[in-house]
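> If you want the building blocks of each chain, they are given just below.
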Amino acid sequence: MMGRMLLAATAVLALSSPATAQDFAITNATVATGDGSAPIENATVVVRGGKVVAAGANVQVPAGVPVSDGRGTWVTPGIFATVTDLGLWDVGAVGESNDTTARNSPFSAALDAAPAVNPRSQHVLISRAGGITRAAIAPSAASSIFAGQGSMIDLGSDPQAVRRPRAFQFVELGEAGARLAGGSRTAAHTLLRNALREASRFGEESGLVGGPNRPAEVTTGDDIPVDPRLVESDAERATDVLLTRFDAAALVPVVAGRQPLYVHVERAADIRSVLALRQEFPRLNLVIVGAGEGWMVADEIAAAGVPVIADALTDLPARFEQLASTQSNIGRMQDAGVKVAINAAAMEQPRYLPQFAGNLVALASVPRAAGLSWGEALASITSIPAEISGFGGQLGVLKPGAIGDVVVWDGDPLEVSSTPVRVYVDGVEQPLENHQTGLRDRYRDLDESELPKAYDW
Amino acid sequence: MRAAIRVLLAATATAALAACATAEGSGDSTQSASAYDYPDTPYPSTYRPYPGAPTALVGATVYDGAGGRIDNGTVLFADGKVVGIGGADLAIPAGYTRVDGTGKFVTPGVIDIHSHLGDYPTPSVDAHSDGNEATDPTTPEVWAEHSVWPQDPGFTRALANGGVTSLQILPGSANLMGGRSVTLKNVPSRTVQGMKFPGAPYGLKMACGENPKRVYGGKGRMPSTRMGNFAVNRQTWIDAREYAEGDRDKRDLAKETLAGVLDGEILVHNHCYRADEMALVMDMAKEMGYRVAAFHHAVEAYKIGDLLRENDVCSAIWSDWYGFKMEAYDGIPENAALLYQAGACVVIHSDSENGIQRLNQDAAKAQAAGARMGIEIPDAEVVGWFTLNAAKAMGIDDVTGSLAAGKMADVVLWNGDPLSVYSRPEKVWIDGALMFDANDPQRRPVSDFELGQPGEGDVK
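Here the protein sequences come in this chain order: A and B. Taking my numbering, the leading residue of the first sequence gets 26, the next gets one more, and so forth. Taking my numbering, the leading residue of the second sequence gets 4, the next gets one more, and so forth.
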């Protein structure tokens, strides 16, 4: 039985650059392209029509492109933060302002972060001022091992934040998953398998997969994926199913490998169990999140070709599942050939990403520790998370054809003393003001001799 | 070893009010009985410094913690004490081991004024949740040292990655009065007594704002509001004063702690986020006859830098945490710099088993935020935010916190500028004993908990 597809907006609409994108060139700067290479001194970046047209040394600025002298500054691609909850909350402990968890929802995998995103959230504004131009966002698991579907967003000031909705599914399979599933890892793994089986069956019966008219596979960030939840289908479901119809539908693209499955696990044994899922569900497009003991199974992760979004500086046995945590984890995995991005969820705020990357550079000079080169460290917060997110070559890099997300820093971007001075998204220069800058300016002095501080704005 | 510690003391409330603030808020220190002698210390420190060789650190850039910087400096220590600090011309006595610090940096040992290591240890399982006696809004009778698990692996990370040599372990903030803190030397030990900083004054952890009213309001009992917080606090202080002014014959653990505060022997460390609440707490302290040593977290301290200076109260803060709760909504990265500009005392703290490994970086972030708004603060002053200023607010500044002759040889040799993200501790001495050496795989503590586990003895 064929379902009728409700196709979402086309890629052209979603990725078109705002009309305000301006051509610009920055010269004489230290340019780091984000691809893992070392920074280039006295280099130039040219952006036209919202896209990078050149980046590097010996670049000729085309006539008519406004040039600014970048002497003393560094230029990088925008930081790509993954995995975050940007735009989903205002105050963490104020429940009514916080859309990250849905403990009492009847849905799990079907939950979709996209319509909840608030591009005016202070955390979006503050992260943008910290040089972050793109982020993967996801709900947090609360009612099930499935947290729901994450989105890829930009942090530009325009109202269109979501660039790719339903970009991935997030599932908990470690200690947290065990608790959510009913009390043990056995329950979590059983729940996962049952869910994937139900989704697989639903996908076949609804025509979402396997049918002659099934939608084209979506493997890059360019397209808006079909929302399988909205497929109209008369498919009968067994009477003993556990998943709601919506949850089953949401997992169809996961089973089909069209939507990546982000799996949070820490323990080496749990990582092995996740890699083994492919024996039962060969099309799963896995991404491992956390991986605190990843260094112990780095060769296996590398052989499986599964990318990792890892905590950079976690080095304590905070849970029994991460007894072997070390700050050398990412360096060792990278040395083994694993594609590793720094996990923005494992720090107080996503704007700490450059600091955490810088710490991995610091490890390179600590005896017996494994760190990253400077270029690799920048890549771990730019091009690599972009690749994992489906935007390889388009985001997180400064090279011809890439999207014009550019950050100009007042110094080495990985150094704690540096900060962005200009941030571009899609070639559009962004405002960097926010609640914090307003408070800073008001309380620059404490003089209330004429009027109370409330008039100082 | 009996270090005669002078406690930051306000002999009377009047004296406390009269205390004039200095730029960095050291306040008046008047002689008092050593806390070591205080009859209220039935669990005395058994810590003794480990053996160390007379050492001369030469050729490094030295930050003394007190605002001084010496390029190509020399630091001498022996028998657990700093012997001298000076330039390249400082004579090195015979028998000293020279450590070449060329291209490196030396600071005093890092001090964290706000830690829960040991009372919220890792692994962070419920069985280890020993930081909040959240069964009554005022529990000044509990002592953090009775919760500290010396095998918390977090101590070793704070040493190796953070250069932390001393730290204050506080009870949590569920209660208005959470109990006594304990100050530790960051030395591995089988017992907490073996870590206790000899002679350090006790602290009383207090908390205002959301936490107490949420915890107890949620139980349907007082306090459930901020005004309830104050009412419970004030009545508790009034009762304590009555006890303190009496013969004190009847043992009362709670009131003994509060009487210690009123006596100026025990220092108040007050968790408080909002500026308006800090202002009220400072008035409550005047009303009841005590002083606040430091507001902890203090994300809005920048709004009242003048009041904090006038009241000689330090602000122990993160560089830029904000937004995780309503009372943290107005946190800004310029907090420390604005306080510094106002002449108030700045301490950078962690409240985190992770952040304690990077207090130097946090201070550098706060410094940079200031520089961007035109507040230039010398590196040597910023180093004081996680060394001497912390020691002052903890009442141990006459024996540690800076590199000065006669002080404890708590010293960190960094492999680069400690205000850079790229630098790490290379060697850490506590009382002149080498307790961490990045170049020696064995000179690294490993907690009992980690023996036989994956990653035992790893670089971490």
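Hints in this document: simulated from the structure, not taken from any laboratory. A couple of the hints might just be wrong.
[Said to hold, decoys possible] Over 12 Å on every C-beta distance to chain A, these chain B residues come out as not near it, computed from the model:
1) Y53
2) G89
3) D155
4) E213
5) Q238
6) T239
7) E245
8) A247
9) R251
10) P336
11) E356
12) R375
13) G458
[To be verified] Reference listing, derived: stretches of chain B covered by chain A, where coverage requires no fewer than 3 residues with Cβ under 8 Å from a Cβ of chain A:
14) 58–64
15) 305–314
16) 425–435
Just so it is clear, CB atoms sit at the ideal spot from N, CA and C, and this is done for glycine as well.
> All hints are to be evaluated individually against the structure, with a verdict given for each.
Tested hints:
A cut-off of 12 Å between C-beta atoms confirms that Y53 of chain B is not in contact with chain A; the least separation is 22 Å. The Cβ of G89 of chain B sits about 28 Å from the closest Cβ of chain A, beyond the 12 Å cut-off, so the non-interface label holds. The Cβ of D155 of chain B sits about 9 Å from the closest Cβ of chain A, inside the 12 Å cut-off, so the non-interface label is violated. The Cβ of E213 of chain B does not lie farther than 12 Å from every Cβ of chain A; its closest approach is about 7 Å, which violates its non-interface assignment.
For Q238 of chain B, the condition that its CB be more than 12 Å from all CB atoms of chain A holds, with the nearest at approximately 28 Å. No Cβ of chain A comes within 12 Å of the Cβ of T239 of chain B; the nearest lies about 26 Å off, and the non-interface call holds. The non-interface label for E245 of chain B is consistent with chain A: the shortest C-beta to C-beta separation is roughly 37 Å, beyond 12 Å. The beta carbon of A247 of chain B sits about 36 Å from the closest Cβ of chain A, which is more than 12 Å, so the claim that it is off the interface holds.
The claim that R251 of chain B lies off the interface holds: its Cβ sits roughly 41 Å from the closest Cβ of chain A, which is beyond the 12 Å cut-off. Not every beta carbon of chain A lies more than 12 Å from that of P336 of chain B, the smallest distance being close to 7 Å; the non-interface claim is violated. For E356 of chain B, the non-interface assignment is contradicted: its Cβ lies about 6 Å from the closest Cβ of chain A, within the 12 Å cut-off. Not every Cβ of chain A is farther than 12 Å from the Cβ of R375 of chain B; the closest lies at roughly 6 Å, contradicting the non-interface assignment.
Look at G458 of chain B: its CB is around 4 Å from the nearest CB on chain A, not clear of 12 Å, so calling it non-interface is violated. For the stretch 58–64 of chain B, the assignment as covered by chain A is violated, since 0 residues bring a beta-carbon within under 8 Å of that chain's beta-carbons and 3 are needed. Under the rule that three or more residues need a Cβ within less than 8 Å of chain A, the assignment of the stretch 305–314 of chain B holds, with 5 such residues. A count of 3 residues in the stretch 425–435 of chain B with a Cβ less than 8 Å from any Cβ of chain A is obtained; the coverage claim is therefore met, three being the minimum.
Of the hints listed earlier, those the structure fails to meet are numbers 3, 4, 10, 11, 12, 13 and 14, in rising order.
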